[in-house]
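Number of protein chains: 4
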Amino acid sequence: MSAPESDALLIAGKAYSSRLLVGTGKYKDHDETRRAIVASGAQIVTVAVRRVNIGQTAGEPNLLDVLPPEQFTILPNTAGCYNVKDAVRTCQLARELLDGHKLVKLEVLGDAQTLYPDVPATLAAAETLVKDGFEVMVYTSDDPIVCKRLEEMGCVAVMPLAAPIGSGLGIQNKYNLLTIIENAKVPIIVDAGVGTASDAAIAMELGCDGVLMNTAIAEAKNPVLMASAMRKAIEAGREARLAGRMPRRRYASASSPLEGLPF
Amino acid sequence: MSAPESDALLIAGKAYSSRLLVGTGKYKDHDETRRAIVASGAQIVTVAVRRVNIGQTAGEPNLLDVLPPEQFTILPNTAGCYNVKDAVRTCQLARELLDGHKLVKLEVLGDAQTLYPDVPATLAAAETLVKDGFEVMVYTSDDPIVCKRLEEMGCVAVMPLAAPIGSGLGIQNKYNLLTIIENAKVPIIVDAGVGTASDAAIAMELGCDGVLMNTAIAEAKNPVLMASAMRKAIEAGREARLAGRMPRRRYASASSPLEGLPF
Amino acid sequence: MSAPESDALLIAGKAYSSRLLVGTGKYKDHDETRRAIVASGAQIVTVAVRRVNIGQTAGEPNLLDVLPPEQFTILPNTAGCYNVKDAVRTCQLARELLDGHKLVKLEVLGDAQTLYPDVPATLAAAETLVKDGFEVMVYTSDDPIVCKRLEEMGCVAVMPLAAPIGSGLGIQNKYNLLTIIENAKVPIIVDAGVGTASDAAIAMELGCDGVLMNTAIAEAKNPVLMASAMRKAIEAGREARLAGRMPRRRYASASSPLEGLPF
Amino acid sequence: MSAPESDALLIAGKAYSSRLLVGTGKYKDHDETRRAIVASGAQIVTVAVRRVNIGQTAGEPNLLDVLPPEQFTILPNTAGCYNVKDAVRTCQLARELLDGHKLVKLEVLGDAQTLYPDVPATLAAAETLVKDGFEVMVYTSDDPIVCKRLEEMGCVAVMPLAAPIGSGLGIQNKYNLLTIIENAKVPIIVDAGVGTASDAAIAMELGCDGVLMNTAIAEAKNPVLMASAMRKAIEAGREARLAGRMPRRRYASASSPLEGLPF
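Chains as they are written, first to last, in my numbering: chain A, -17 to 245; chain B, -17 to 245; chain C, -17 to 245; chain D, -17 to 245.
The following block holds chain A by itself, in its conformation from the complex (with noise of 0.2 Å):
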């Protein structure tokens, strides 16, 4: 028994399997990479462009080359991009070295301690590529009205942080995430701050549409046992989710609400 069939994810009229979305930092090598990958199930991998070579560089080890584009949807990303200017062309450039891919992950960060992001050139950004033909997925604060306003503006996914890139603290704020998948007609990613199994499988059954995480798995002590951790975990708490969950209260008997309580 599974989730139906049909529950398949579906970004920029393209239907996935797999709602765990991975990134390719970190990692020992390419085959721990590749092992990785594939242990978790993914479809979509993402790849900072301004880090990994796909293309850029002749001569040296190209990523494509263990995770060929055949076989996953490659997403490149604007990791380390700090203003709108830089996050655009980076994205330009993915697209040439892509043959005119149009699928790309926007980041722009406000700090380099943080790597929050920088909601106003977020926004600014998005507008520009988006008007540029991109199909943009967006990384960006877990502001309701942000959210709503950048998937207003044509972005294809909405990807708010659960806690710090890169903490591991899992998911900070459950009602502005809430707020934000009632309200959204995109895909709703969590990008960011997912630490283990649990908190992966959490985001699905409040909701999420996917879950989008690179440190939690490379940087486990066992990247792909853990790739394989987060892969069911995700099924878990979608198939949940699809479930329908008994309701929470204070015991088994039938009048037990929690409402009221002073916590």
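Keep in mind that the hints were calculated from the coordinates and are not lab data.
A hint or two may mislead.
In this list, chains with the same sequence are indistinguishable; a pair is considered to hold if it fits within one copy or across any two.
Said to hold, decoys possible - Dumping the calculated PhoX-like pairs for lysine-lysine here, alpha-carbon to alpha-carbon at most 25 Å:
{"id": "1", "residue 1": "K67", "residue 2": "K130"}
{"id": "2", "residue 1": "K130", "residue 2": "K8"}
{"id": "3", "residue 1": "K(-4)", "residue 2": "K10"}
{"id": "4", "residue 1": "K156", "residue 2": "K203"}
We have chain A already, so just place chains B, C and D on it with the hints.
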């Protein structure tokens, strides 16, 4: 990639590949019970001897017809017992009905509202049953001292609650559970309180050896799909535990420890 | 024994001994408003210019008759404004009504359901108001990058939300709030989301410079008693912060650190 | 405005205006002990008879010289006792030293690492002491069944832990505590685990009748200031409880209940 094949749960000398134990109450009918249990992948199935026909009542449907003891380890339990005598007798009845079967799940309840265990009576009943040759898995509070004592008197597994039976509130006291796990030499199996998939994953990430649940599956809108979610959540949590999660920290930067924060 | 006498809250060059700021909405009548505010010990009282008569409507009861500006710092706010123009005009109207009063609380809302701020409009309105000579205290999301920018453009206090206005949910994202506080040179005052006394204490223990609230007092069953509770909670939290709390650890024993736990 | 004058804590027939009970261990010297306790406003002060000289050792400094029994209710406790016999003897010794004083705080510990109570031994010692004419306030786990039994056997106050002694972790299981409070006819006083002011306020908001603490004050960087913070936090939490907090809800709008959320 999965957990190593040797990663079996050992209870009373028998190895189980599944770490999810399930109950049989609250389902619509025997068919739904069977389908949910098959979807859960559980190998140990607990049965309330005072409520369910496993042969006591000739001529009525017998649960063992849909859950044959050749396929499942049947775990008779003493649900509904509020004193030592009733609990001990119920185990003895089960042993007769199941041809000398020694493995039982003991619960001695403190009151009908909370279904919280009566700890002194639980200790007394466990002692009697162990002396009488039973292999006792025992439901108790999350009191580390009591859990250790139950192990020392010979129980084959100790089963602290995560939250009240039938509440679905998830793990209330992670510190107690962690202390119990750290001090144990027998399996620690969370019994009661799990409400959804992530709760089960969290229990396994903490280091529990397994999780027993009933209401969370049986009272989901779609019990069979929730059973599948729980199976995956248990595996995800176990694999995440074995894989060794990334450290939690405030930011991706190397030195952002959490120690000393005001919360 | 109390916090040192020199422990004043400085806003726009003026020292306040109270760190509790209060609103004036949702009370039964002006008398209850006055009694609750006196019990709170607040010295800064915020007034929604678009809803409350502070002189706009001659011949009707004027709030300033019960809260005289000689005794309280009146803080006009732009509650109910959803765009830059309305917010700026509301501040200008308040300045006229209050004889050149410069201190205002800016809020530009994103939608009527969540009352979440519109961050880009807030940034724009703050910039206009600062240039026009206002001393701007500004309601915003708990986005550390945005909070820093509002400080850099000259706001005299930055007021991130703890949870949605009127929700009473308490602080949702302690990590964000802590980052905002650590990076700030102007007072950080939690605005919105506090529901009961402990919420206020937690904000102060985190290092906030003050807390502004309205609903938590006005919608308590006994607003005057809750105002007293909040006064004490703010002082308790501030003193606990200054006193330096004991470290958190698993047990009393010297070496039981929390770092590295699975949760 | 304050809590009504009639809002006294009644223990063994005596009324106390303070709901903060404090210990006397871990201070630098007797002078710091005295100054902190005065700042706390506590009227009941507990003393570890096996560690502190209250007359056993003639010629050495006597704690009662700085905390005279005319001003404070001295509450001898059995800290350091790991069995029934030691605990009972310690209480009897205290009664002799304090001229027939009957009020004692019983604790029978389960092990030296966790300082968790030994619940069966606690029940046995409490029964013996009550029969011997003592007025027993009793430290125990947060087990609702055990707490009720201690009340039924005649203990004058039941004192569940919030978290391990000396941990400063705050309340771990609010549901258990709430159940204990709802079912009690004697005062329920949180004993152990409070770390900072907000923890104390939360306990009072939940409905506890008082809080006993030692390490949180004595191990603060500034114990005297922390004692003042705790005094205010206890009052704030009590007043907030009596004032009746606003309901929690997702938004200010009238109909935004929390019931049925996925978390």
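Against the structure, the hints:
In this homomeric assembly, K67 and K130 come within 25 Å of each other (Cα to Cα) both inside a single copy, at 23 Å, and across copies, at 22 Å. Taking the shortest Cα distances, K130 and K8 never come within 25 Å of each other, neither inside one copy (32 Å) nor across copies (30 Å). In this homomeric assembly, K(-4) and K10 never come within 25 Å of each other (Cα to Cα): the closest approach is 31 Å inside a single copy and 39 Å across copies. For the identical chains of this complex, K156 and K203 are inter-copy neighbours only, at 23 Å across copies versus 28 Å inside a copy, given an alpha-carbon limit of 25 Å.
This entry does not satisfy hints 2, 3, going by the numbered hints stated previously.
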